[in-house]
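Undergrad: Single-letter residue listing:
There are 2 protein chains.
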Amino acid sequence: MRVMVTGGAGFIGSHLIDRLVSRGDEVTVVDNLSSGVFDFIRKHVDDGSIIFHNIDLKNLSDLKPLMHEIDMVYHLAANADIRLGTKITDTDLNEGTIVTYNVLEAMRLAGVSKIAFSSSSVVYGEGAPMPTPETHGPCIPISLYGASKQGGEGLIGSWVGTFGFQAWVFRFANIIGRRGTHGVIFDFIHKLKSDPNRLEVLGNGLQEKSYMEVGDCVDAILHVIESTNQPFNLYNLGSNDTCSVRRIAEIVIEETGCKGASIEYTGGDRGWAGDIPKARLSIDRLKQLGFSVKYESEDAVAYTTRALIKEIMGE
Amino acid sequence: MRVMVTGGAGFIGSHLIDRLVSRGDEVTVVDNLSSGVFDFIRKHVDDGSIIFHNIDLKNLSDLKPLMHEIDMVYHLAANADIRLGTKITDTDLNEGTIVTYNVLEAMRLAGVSKIAFSSSSVVYGEGAPMPTPETHGPCIPISLYGASKQGGEGLIGSWVGTFGFQAWVFRFANIIGRRGTHGVIFDFIHKLKSDPNRLEVLGNGLQEKSYMEVGDCVDAILHVIESTNQPFNLYNLGSNDTCSVRRIAEIVIEETGCKGASIEYTGGDRGWAGDIPKARLSIDRLKQLGFSVKYESEDAVAYTTRALIKEIMGE
Chain A
929 MRVMVTGGAG
939 FIGSHLIDRL
949 VSRGDEVTVV
959 DNLSSGVFDF
969 IRKHVDDGSI
979 IFHNIDLKNL
989 SDLKPLMHEI
999 DMVYHLAANA
1009 DIRLGTKITD
1019 TDLNEGTIVT
1029 YNVLEAMRLA
1039 GVSKIAFSSS
1049 SVVYGEGAPM
1059 PTPETHGPCI
1069 PISLYGASKQ
1079 GGEGLIGSWV
1089 GTFGFQAWVF
1099 RFANIIGRRG
1109 THGVIFDFIH
1119 KLKSDPNRLE
1129 VLGNGLQEKS
1139 YMEVGDCVDA
1149 ILHVIESTNQ
1159 PFNLYNLGSN
1169 DTCSVRRIAE
1179 IVIEETGCKG
1189 ASIEYTGGDR
1199 GWAGDIPKAR
1209 LSIDRLKQLG
1219 FSVKYESEDA
1229 VAYTTRALIK
1239 EIMGE
Chain B
929 MRVMVTGGAG
939 FIGSHLIDRL
949 VSRGDEVTVV
959 DNLSSGVFDF
969 IRKHVDDGSI
979 IFHNIDLKNL
989 SDLKPLMHEI
999 DMVYHLAANA
1009 DIRLGTKITD
1019 TDLNEGTIVT
1029 YNVLEAMRLA
1039 GVSKIAFSSS
1049 SVVYGEGAPM
1059 PTPETHGPCI
1069 PISLYGASKQ
1079 GGEGLIGSWV
1089 GTFGFQAWVF
1099 RFANIIGRRG
1109 THGVIFDFIH
1119 KLKSDPNRLE
1129 VLGNGLQEKS
1139 YMEVGDCVDA
1149 ILHVIESTNQ
1159 PFNLYNLGSN
1169 DTCSVRRIAE
1179 IVIEETGCKG
1189 ASIEYTGGDR
1199 GWAGDIPKAR
1209 LSIDRLKQLG
1219 FSVKYESEDA
1229 VAYTTRALIK
1239 EIMGE
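Chains as they are written, first to last, in this note's numbering: chain A, 929 to 1243; chain B, 929 to 1243.
A hint or two may mislead.
Intra- or inter-copy, both count: the list cannot distinguish identical chains.
[Claimed, not checked] In silico lysine-lysine, DSBU-like type, Cα no more than 30 Å apart, as pairs: (1) Lys1042 x Lys1238; (2) Lys986 x Lys1015; (3) Lys1015 x Lys1042; (4) Lys1042 x Lys1206.
Hints in this document: simulated from the structure, not taken from any laboratory.
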C-alpha cells in the first residue's frame, strides 16, 4: 500500500511510520519540521524505506504534486501545543482546520479517497459524562486546539458525504511515550533538569486524564482500519483508567531521583484557560473490535517517564 | 444596546434588524452584499436608525475598527448556497469558518464578548434520530456548508472556554419567509416563472424537512437570548413538524396558478450530494423557555410561497 503520513516526523507520526515500514507499506512523509524532528525518521530515510518531503501543508500547491500514486493518507500534522491558543489565536486555525482542508482538497484533486485523522478527546469539551462515548453530544470544545480538531472532523465528514471519501477518525486520549516532544511528563522532566529541588505544577494537581502509550495508539489505529469499513469510522483511543497530575509529578520525581524536590502547585482546577481538568474516554467501541491496550494510564506514565528521562537527560 | 449584525442585509439578518430597530437597539450592519440585498435594509439606513458598512469580513483589518462601542454581535454572515460546496470547495471554509474566526478575534481585541450565531440543523449530518435533540452525537456533517457551521460552533465554544465569551448558538431548521433569496420555494417559483408548464424537482420529492417562518425564527432568537444566561447556550430552532418537497411543489404550483404544470423528478433520495433527505429538530428546549411558533411547516410554506410570488413575479 502506498501511504502518505502528514506530520510524519512528529511524535506519533514517527511511531506510526515504524509500523507502516515494518509491514511493507510504501511511505511518503510530509512534515515542515516545525515540531517534528528529522532524527525520528532518519534511519528510514537513510535506508530508502520512506520518502521525506519538507513542505508546509499550508501551501496547497506544494502538496498537490505529492498526492499522485497515493492510496491512503494518515493526516497527523497539527500544532501540538494546546496552550499556545491562549496567546496566539490563529495557529490552530491555520495549522489545523485550514491544513486539513488542504489535505482533503489535494486528495480530491488527485483521486485519493481514504483518510485517517488524529482528532482528540478535547472535542468533547467540559462536563461530558465519563467515560465519554463517541455518541456524546453536543461537543463544545473549550480550547482553540479542540476547535481545530472539531473543524477537521467536520471537513472530513463533508468530504465523505459529498465526494465519496472513506475516513477513520480517532479521538485520542493523552498519547505519551518515547520521542514525546510536549505534554506534562516532558515538561516535568525539563523543569527538574533545570531545578532538581523544585517542581512547579500548573493547577492544583487534581487534574485527572486518561493516558495511552504511543505504541498502543498506533497499533489501535491500524487495527481499527483493518477491522472496519464504514464510510465514516469514529473511534475513541485511550486506556481504561486515568492518572492524576499529582501522581505523575510523584512518578517523575521518583524516576528522576530528585527525591527532595518540593511540588509547588500554581492552584486552580486546571493548567490553563481551555484545559479540561478531567477526561476519560469510553473505549468500548475499540474493545469490541478485539483490541486491548498493553499499558493502562499509570503504567504508560511510568514507562514514558523512564524513556523520556533517557532522551532528555541524555541530551 | 449597541449591536452588530453581520450579514445584516441578508434574508434572516434583515428581519432580525427590523426587530432590533423596533425595540430601540443601536444597530451596526456589516455586509458585503454578496448575497445580501441593500434594499432589505434601505429604509433603516435612510432614516438613520442603523449604520451600514459594506465590508468583507474575510478582511479582519476592515472589521476591527468597527467593533468598538459594540455590546453584542449577531453573526449571521455566511455563504447561503449549500449546493455550491459540491463544486467550489473553499467558499464555506473562507466565508464560514474563517469569517467566524475573524469576527471572534475582532471581538476579543475590542473587548466585546457576547455573540449569537446562526448554525444549522445540517451539523447533525445524516441518520440522526428524529426529532433530533441538541444532545445528539456524534455530529458528522455531510455538506461543506455543514462543516463550516460546525467549525464555527467549535471556534465559538473555544472563545467561550478560553477567553470568557458568552454565546448563543442556534441550529436552524429551513428558515423561509419574505425576502427569501434561496431555497426550494424560491427555486420553484423561478422555475415556473421561466416555464409555467413544467417544474423540475431535484430528487424524488420524498425529501421531508422542517420549515420555520423567518418571523418566528428571529422572535425565537431574541426570546432565547433574553431567557438564558449560561456561558454557552445551544438551541435548535424549528417548527413541530415537516413538509415534503412533493407537497411544496404542489403548493407552489397551486399558488402560482400554474395548474397544468407537470412535476418532473430528477430521481434519487436527495437533491444533491451532501443534501440530507429528512430532517426534523426537537424544539423541546425552545418550548421549555415558553416559546411557541406561529407557523408549523406547511403553513410556513404556504405563507412564504404567497409572499415570494409577489416579490418574484412582481419583478
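Undergrad: Run every hint past the structure and note whether it holds.
TA: Hint by hint, here is what the structure shows:
For a Cα distance limit of 30 Å, the shortest separation of Lys1042 from Lys1238 qualifies neither inside one copy, at 37 Å, nor across copies, at 49 Å. With identical chains, the CA atoms of Lys986 and Lys1015 are at most 30 Å apart both within one copy (21 Å) and between copies (22 Å). Taking identical chains as interchangeable, the C-alpha atoms of Lys1015 and Lys1042 lie at most 30 Å apart only when they sit on different chains, with a minimum of 20 Å there against 35 Å within one chain. For the identical chains of this complex, Lys1042 and Lys1206 are inter-copy neighbours only, at 27 Å across copies versus 33 Å inside a copy, given an alpha-carbon limit of 30 Å.
Going down the numbered hints, you'll see the structure goes against just number 1.
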